[in-house]
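Asks: So the sequence lines, in the order shown, correspond to chains L, C, B and W. The working numbering numbers the first residue of the first sequence as 1 and each following residue consecutively. The working numbering numbers the first residue of the second sequence as 1 and each following residue consecutively. The working numbering numbers the first residue of the third sequence as 1 and each following residue consecutively. The working numbering numbers the first residue of the fourth sequence as 1 and each following residue consecutively.
No wet-lab data here; the hints were simulated from the structure. One should not assume that every hint holds.
Here are the simulated lysine to any residue pairs, SDA-like style, with alpha carbons at most 25 Å apart [claimed, not checked]:
1) B:300 to B:27
2) L:292 to C:38
3) L:24 to L:197
4) C:300 to L:82
5) C:292 to C:38
6) B:292 to B:83
7) B:24 to L:175
8) B:292 to W:227
9) C:292 to L:37
10) C:24 to C:151
11) L:300 to C:24
12) W:292 to W:251
13) C:292 to L:84
14) C:292 to L:83
4 protein chains.
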Amino acid sequence: MNTNFQRILDEIYEETLPLLGQGKVASYIPALAEVNPAQYGIAIQTLSGEAYQVGDANTPFSIQSISKVFTLTMVFGRVGEALWSRVGREPSGNAFNSLVQLETENGIPRNPFINAGALVCTDHLVSLASDPLLNIRNFVRELSNNPGVNFDESVASSERQTGFRNAALINLMKSFGNIENDVDEVLNIYFHQCALMMNCHDLARAFLFLANQGVNPWDHTRILTPSQAKRVNALMQVCGLYDDSGEFAFTVGLPGKSGVGGGIVAIIPNQLSICVWSPELNSRGTSLIGMKALELFTTKTGVSIF
Amino acid sequence: MNTNFQRILDEIYEETLPLLGQGKVASYIPALAEVNPAQYGIAIQTLSGEAYQVGDANTPFSIQSISKVFTLTMVFGRVGEALWSRVGREPSGNAFNSLVQLETENGIPRNPFINAGALVCTDHLVSLASDPLLNIRNFVRELSNNPGVNFDESVASSERQTGFRNAALINLMKSFGNIENDVDEVLNIYFHQCALMMNCHDLARAFLFLANQGVNPWDHTRILTPSQAKRVNALMQVCGLYDDSGEFAFTVGLPGKSGVGGGIVAIIPNQLSICVWSPELNSRGTSLIGMKALELFTTKTGVSIF
Amino acid sequence: MNTNFQRILDEIYEETLPLLGQGKVASYIPALAEVNPAQYGIAIQTLSGEAYQVGDANTPFSIQSISKVFTLTMVFGRVGEALWSRVGREPSGNAFNSLVQLETENGIPRNPFINAGALVCTDHLVSLASDPLLNIRNFVRELSNNPGVNFDESVASSERQTGFRNAALINLMKSFGNIENDVDEVLNIYFHQCALMMNCHDLARAFLFLANQGVNPWDHTRILTPSQAKRVNALMQVCGLYDDSGEFAFTVGLPGKSGVGGGIVAIIPNQLSICVWSPELNSRGTSLIGMKALELFTTKTGVSIF
Amino acid sequence: MNTNFQRILDEIYEETLPLLGQGKVASYIPALAEVNPAQYGIAIQTLSGEAYQVGDANTPFSIQSISKVFTLTMVFGRVGEALWSRVGREPSGNAFNSLVQLETENGIPRNPFINAGALVCTDHLVSLASDPLLNIRNFVRELSNNPGVNFDESVASSERQTGFRNAALINLMKSFGNIENDVDEVLNIYFHQCALMMNCHDLARAFLFLANQGVNPWDHTRILTPSQAKRVNALMQVCGLYDDSGEFAFTVGLPGKSGVGGGIVAIIPNQLSICVWSPELNSRGTSLIGMKALELFTTKTGVSIF
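Let the hints inform the model, and build the full structure from the sequences given.
Replies: Put into structure tokens, the structure is as follows:
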């Protein structure tokens, strides 16, 4: 592998900067719509301890759906294979917040990365933890090795006021018996996890355990078994980018997870994790520049899992 | 990697043989229904030239949908990115022969591995080749390094007499303008490619170019560019096993392609290809023993792309 | 028309009584599941002032979806054609509480008799009335000429505790901007209107204005214009019995409305209204005996709108 | 009823003529696309023997889906209730040529007036008749009392060359076992029945048996039992105008059947039949002027089945 990462990041940044203005910032909640669209950063964290960056890599942003990897990990690590009786492991082939699939498949979401599946994970967590919010926050702080990570209450509150589709999803699942707790309580936790504020470095560090066979590289605690870590990576590969999952596998070829805040995190097993952030989204809700930057990264470094 | 492949194959064979009888042979055409269900073989072909096998690895079987990788490769190699205006690269989230998706997405199939997408590839080939059948046969003979590979006319004829759903798919796409040639002609080629007879060794050899950056290891001709080869692997990873694609990624973690004849081929980039054949299928149309054997293979060898 | 209604009702009763035990009482809420399934009554009310009955025609039951005709009438009478920008007038072709149609058609329900469409009417009413519950109760008391009609709070409360699918529907519509008021408030009114307790005579009287060109026969007030009354009848004809609408038109041939409490009301324009109640439902949620009784009624009297 | 029909027809004609140019002639086959859009006629035929007309009521046009009433009648009259095991009686809630419903309901079309259901009727007829084409032609000649009615071979041929969606529908049903005969043979008959050329008078006369309790008023032969005739009328009411069925019931309130050639026929039980023809269609494939003319007709005469 070409390890001249700094030069490569600089090249990618220069080549993709002209794409600014071609996407659209998420507008469904005020707190996201007000983000300055011209921000753009990348951070790399290697298992050997090096960190690289370019642009606004130190600016915290709303991680949104990237948080689904954290709650999935928390629940999968505790309940193991039992999780799969309540959520599937197949790509959805539908928009991330579709009710159609859920209705025809009796309230069992296709996978943990569509909203419905993530709500099932959060519901699991509510059943398991005495203080789920504190639990999530501490978990992400440890993974990112940053005790300052926190929720943005204005984002969480904004989500709650407009999250009618998520309320529809969770009520539908509750009607099928696939939600154990009070729907409002689960929604509250869910809206908070989506409102975690992290920067590119935080996220690159926080995903590194998935490139490290499931071990947190910062405190050497085991988060997942090697087999479980591989499986989370496989899930990210197959369904981590909603309707762009196939496109991402095709053009980037790495396991990754996106959020409508404009972040995308990807990992190269046994080597590194990389986080790109640019709030302007393509028509399928993925960071437009983020997609392109990661495609250039694999092209320029020659890395790929295939 | 643990390279004691022969011992591992023997172990896998012994451990999975008790599963015989738990699946069901494909019954939709007589030619497949009559296959002896108790057959089971595995073959490995490494890039360094070694071959391993266990069980009925020399018995030819009907490769069925595995043929879609061959026609995709033939067309992708010739028309390149232009292919993607007529077929998508996203997982389907529906059964492999569903018309629903096709209708709601204006006749553009989700990917080249569902039947509709494969029919588009075959239609492309009919437009490109003067004798498409000869073209396919010769291509597969070269890839498998076996000049004896041929179609089973009784299987092809059997498919033609019962292939009403494929006729529905291609007529629907024709109504959307996404089929260039006569529907009966394209169906005839398609039914023949599915009726190719190959054994586990043939298929392991024929897929090795995908582990070899797109170069045919037998005659050193370039079949696909390295980038194209990676992309075919990514497609197999995300949608090579129909409704079992997520499950396969999750439990096996390799790019692969299955057929209702009971074969599954998978590759480990830069190392090897492996083909398992057992005609008994699970409820989603995948070889039941084949899935388990490949899961054991990655567990025992420790290989995974993740 | 054969006007020997009493003899005909007696015959119908005798011929259909053996069907008791073939259907199933609605079980989704305790308050309905506990109803004695062996109850069965019919009442006829003619425009010329005669009333006929057989069986348990004086026993109040939960009218459930029959209430949708009342709220539709209240709203249609006040807002007129403007209603149709928020709810359609086409049969749904799907189960009465399906989210699929709603999602693909941007939150506009197919018609006012599926749950989603009825929720839109109730939301309209909440916008229009200072005390919607009182408004509904008084309206139904006037139509039925029975000041004793009331809500069953235990049924309303039972609905609220298990009505997750209705919560899903209304949240989905809210996400599309098709609900003006607070979802919990609208749901509360909706669960109450479904919990109205009326007997066969009450309902036969309350529907008579639809056979009377829109004029309440008890106090001669105009409820709807003649044109509006015809149109409500047309809607009942085309979509009043959910997935049994075609079957009901085919075998009965009258405009009607059913509820999962086991009631069905139908009208013969310019002549009469008839209400049958038997709590045992067929597989599509319609009173099994009710359907058969009404088929016999039109056969024996020779009436039909066709 | 106001029986000054001639004055009413003249008024309707004058009031609706300004709508010319607002719709679009069906363009899917050349033979229809070339029709002069400015043609417009109405004919009324009463059971008491009077005929009225305005405009181009003597110009033959392609009856298209109106033919489905004829083949349904032929088959229903011969096989009776047995028909309903292969085709439903419920509104479809989907576009008339949708494959989605057919796929999810195992190849059983929702009703005989969507294309799939009509193909089942035609297949039935192919099983029953030694010369189905001759059989249909003679049947329609007798009903319309016009021995000159014939197929337009250029329309039939045009349909055959572009009817890929109908080919998709019939192949899908064949895959479910719901088509008995060769798909090409059934399609050929179907394309011919749609290509019948009739004028407004022909169609008004040909539908009069449905207003006459099932008896052909021209030769007094019984075509359907009174009960069967009512049921065909009920089906037309609920699903005769595809996605406009609810709208038609709501605004017109009569049983009717439309075709993409621009014709609509409706009946008033025990009184008359009326046919309007204007080739310009609204966005749902119904004659734009035809809909409006029939709405005015029921408004001006005060007739309605409700």
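Asks: Each hint: holds or not?
Replies: Results of checking the hints against the structure:
no.	hint	verdict
1	B:300 to B:27	33 Å, violated
2	L:292 to C:38	49 Å, violated
3	L:24 to L:197	20 Å, holds
4	C:300 to L:82	23 Å, holds
5	C:292 to C:38	16 Å, holds
6	B:292 to B:83	34 Å, violated
7	B:24 to L:175	20 Å, holds
8	B:292 to W:227	16 Å, holds
9	C:292 to L:37	48 Å, violated
10	C:24 to C:151	24 Å, holds
11	L:300 to C:24	47 Å, violated
12	W:292 to W:251	9 Å, holds
13	C:292 to L:84	18 Å, holds
14	C:292 to L:83	20 Å, holds
Hint compliance for this structure: hints 1, 2, 6, 9 and 11 are not met, and every other hint is.
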